[in-house]
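A.B. asks: Working from the sequences, and respecting the hints, build out all of it.
Residue strings, one per chain:
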Amino acid sequence: MTAQARTWQGELREAVSDLTPGVTLAVLFLIFVFLVGAFAPWFAPYGEGEILTNESFEPPSDIMWLGSDYLGRDVLSRLIYGVRITLFLALVITFLSFFAGVGLGFLAAAFGGRVDMWMSRVNDAMLSFPALMLALIVINSLGSSFVVLVFTIAFIDMTRVFRVSRALAVNIMVMDYVEAAIVRGEGKGWIVWHEVLPNALTPLAAEFGIRFTYAILFISALSFLGLGVQPPQSDLGVMVKENMQAILYGEYTTLYPAFGIALIAISMNVFVDWLLQRSSAKLPDEI
Amino acid sequence: MSILEILGKRLVFGVGTLLFVSVLVFIGTEILPGDVAHAILGQGATPELVAQIKERLGLDQPLHIRYFVWLGNFVTGDFGTSLANGADIGTEIGRRASNTIILALCTTVIAVPLSIILGLAAAVKPGGIVDRAITSSSLALISFPDFLVAVVLVTIFAVKLRWLPAIASIRPSYELVDWIRILILPVMGLTFTILAHMVRMTRSAVLNVLSSPAIEMAILKGVPRRRLLLRHALPNAFGPIINVIALNLAYLISGVVVIETLFNFPGLGRYMVEAVTNRDVPIVQTCAMIFCSVYIILNMTADILSIMANPRVRYKK
Chain A
1 MTAQARTWQG
11 ELREAVSDLT
21 PGVTLAVLFL
31 IFVFLVGAFA
41 PWFAPYGEGE
51 ILTNESFEPP
61 SDIMWLGSDY
71 LGRDVLSRLI
81 YGVRITLFLA
91 LVITFLSFFA
101 GVGLGFLAAA
111 FGGRVDMWMS
121 RVNDAMLSFP
131 ALMLALIVIN
141 SLGSSFVVLV
151 FTIAFIDMTR
161 VFRVSRALAV
171 NIMVMDYVEA
181 AIVRGEGKGW
191 IVWHEVLPNA
201 LTPLAAEFGI
211 RFTYAILFIS
221 ALSFLGLGVQ
231 PPQSDLGVMV
241 KENMQAILYG
251 EYTTLYPAFG
261 IALIAISMNV
271 FVDWLLQRSS
281 AKLPDEI
Chain B
1001 MSILEILGKR
1011 LVFGVGTLLF
1021 VSVLVFIGTE
1031 ILPGDVAHAI
1041 LGQGATPELV
1051 AQIKERLGLD
1061 QPLHIRYFVW
1071 LGNFVTGDFG
1081 TSLANGADIG
1091 TEIGRRASNT
1101 IILALCTTVI
1111 AVPLSIILGL
1121 AAAVKPGGIV
1131 DRAITSSSLA
1141 LISFPDFLVA
1151 VVLVTIFAVK
1161 LRWLPAIASI
1171 RPSYELVDWI
1181 RILILPVMGL
1191 TFTILAHMVR
1201 MTRSAVLNVL
1211 SSPAIEMAIL
1221 KGVPRRRLLL
1231 RHALPNAFGP
1241 IINVIALNLA
1251 YLISGVVVIE
1261 TLFNFPGLGR
1271 YMVEAVTNRD
1281 VPIVQTCAMI
1291 FCSVYIILNM
1301 TADILSIMAN
1311 PRVRYKK
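Heads up: the protein sequence lines correspond to chains A and B, in order.
Using this note's numbering, the first residue of the first sequence is number 1, and each one after it goes up by one.
Using this note's numbering, the first residue of the second sequence is number 1001, and each one after it goes up by one.
Be aware that one or more of the hints could be misleading.
[Claimed, not checked] Simulated restraints, written as ranges between beta carbons of each label pair:
{"#": "1", "chain 1": "A", "residue 1": "Val122", "chain 2": "B", "residue 2": "Ile1110", "range": "36 to 44 Å"}
{"#": "2", "chain 1": "B", "residue 1": "Ile1219", "chain 2": "A", "residue 2": "Thr202", "range": "27 to 35 Å"}
{"#": "3", "chain 1": "B", "residue 1": "Ser1002", "chain 2": "A", "residue 2": "Trp8", "range": "54 to 62 Å"}
{"#": "4", "chain 1": "B", "residue 1": "Gly1128", "chain 2": "A", "residue 2": "Leu71", "range": "45 to 53 Å"}
{"#": "5", "chain 1": "A", "residue 1": "Ile31", "chain 2": "B", "residue 2": "Met1217", "range": "47 to 55 Å"}
{"#": "6", "chain 1": "B", "residue 1": "Gly1016", "chain 2": "A", "residue 2": "Phe111", "range": "19 to 27 Å"}
{"#": "7", "chain 1": "B", "residue 1": "Ser1137", "chain 2": "A", "residue 2": "Ala181", "range": "40 to 48 Å"}
{"#": "8", "chain 1": "B", "residue 1": "Ser1137", "chain 2": "A", "residue 2": "Gly187", "range": "46 to 54 Å"}
In short, the hints are calculated from the structure, not lab data.
Even glycine gets a Cβ: it sits at the ideal position worked out from N, Cα and C.
C.D. replies: Encoded structure:
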């Protein structure tokens, strides 16, 4: 068989034919949710803060498909805007943490020796700090704003990404093709860019999904505690918190955003599992 | 290296980590010293009053001296007073910590055996029906936010069926029956938040051991599957499983904070969240130190137990 250059179209076609019904559903749901988030103003029937009725927790009706919230706002519209903020924050956080974490992880692996030892040690020390405690301390000192939330959670995630990407890179650095490149006289930067990165891409993509889910759950938890996104802006966690009393009125208002978070996270986890199984790639370990 | 040396090394590392964390907690909370004085005085802050408060709280001292004073006070159990109402933090912490410990202990007693049983059941026949059911439901459970299961439980048991209270406030007159009634829902919610991770990790720890040469040898000898699992695999998986348990009890920390807030349970977690909301620095410091110490000590204990569970280390002279 002749070696053939694989195009991305070919790869994509192959991947699509590998999809199982469950994974297809998960992927379609994720695409749908991202579209809804991106074009929230087009999807939402009403404005985010528009008060439509004086009644709290009105049951679902033709006018308000999911009823009203504690202030008489349309739950469906707020859900759509909430998804937008949750996804936006989680994406920014995950990209930031990968940019820093993968960069530093590959750097440590490429240089090895003392550089690697010290970077890993500092990172391990950071990992000994429970994530929620770190976030609470920072929020206590600096207050809660988008910038504080994004950088704090991205930093927490970065320590995990560093570990995984360093371990991946260390395993790749001992491969024959890397040795060949070293003998050829290629520099460290070239090797990281042309040998390490392409070979670590699939496990890193899976890790991206895991960290993205983690970021969503983490922001939601903080918002639920009242320490994350601050009203009038609201993400899904804030919606769960502010509509908790609805349960006592026999309405399920607070369950919609809670299940929204869970569905996004489950879909992402199903997709990540499929990705890992399909490529038989392994993540160094789970944290 | 003898086992004592290994253990000693781990112990020193643990103490070092504790010190490192205490520095972070201190710097993280004291980084805005002006704000503490302003927080106490609120609108009526004049430069003289601010200076007076700073002197009273020792804020005029250099940072490293304040750190050592603070650490010394913490270690000797002097946690200071609340900025919000001047109450002694130690008394409040004692009351709240015992509530949280009860909550955490009940959860541990239920969650640990349950997850080991489920993890083993899944590992008996990888890819079988039981395994697929347990693996996929735990994957779903991992994706649930901490509060989801609890909210669903409250909806069913407290609102629809009216069997249990939705709020877990505690009165001094409470007897054992009342305690059990208020604890059931929080303990169930908390169990679900840590169960999935423990089941998945127990399963993979057992499967890992099952693929070792010693077990392959036993299979070839014709040892029956059940005996293989309980007599050959389980004892060897103890080290990793203990590790799994300790790591996941650490998950309890964030679970406790969320669940206590949800149920209005008067524990340490809710105390800390309220303190962060009010920027009550001494309380935040104390709670953070307690939670972090528990986390680090749990991890250290896990490491030490798994070192001791490994015969290759134990019998080395």
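A.B. asks: Give a verdict on every hint.
C.D. replies: Hint by hint, here is what the structure shows:
no.	hint	verdict
1	Val122(A) - Ile1110(B): 36 to 44 Å	holds (38 Å)
2	Ile1219(B) - Thr202(A): 27 to 35 Å	holds (33 Å)
3	Ser1002(B) - Trp8(A): 54 to 62 Å	holds (56 Å)
4	Gly1128(B) - Leu71(A): 45 to 53 Å	holds (51 Å)
5	Ile31(A) - Met1217(B): 47 to 55 Å	holds (50 Å)
6	Gly1016(B) - Phe111(A): 19 to 27 Å	holds (25 Å)
7	Ser1137(B) - Ala181(A): 40 to 48 Å	holds (46 Å)
8	Ser1137(B) - Gly187(A): 46 to 54 Å	holds (49 Å)
In terms of the numbered hints stated before, the structure departs from none.
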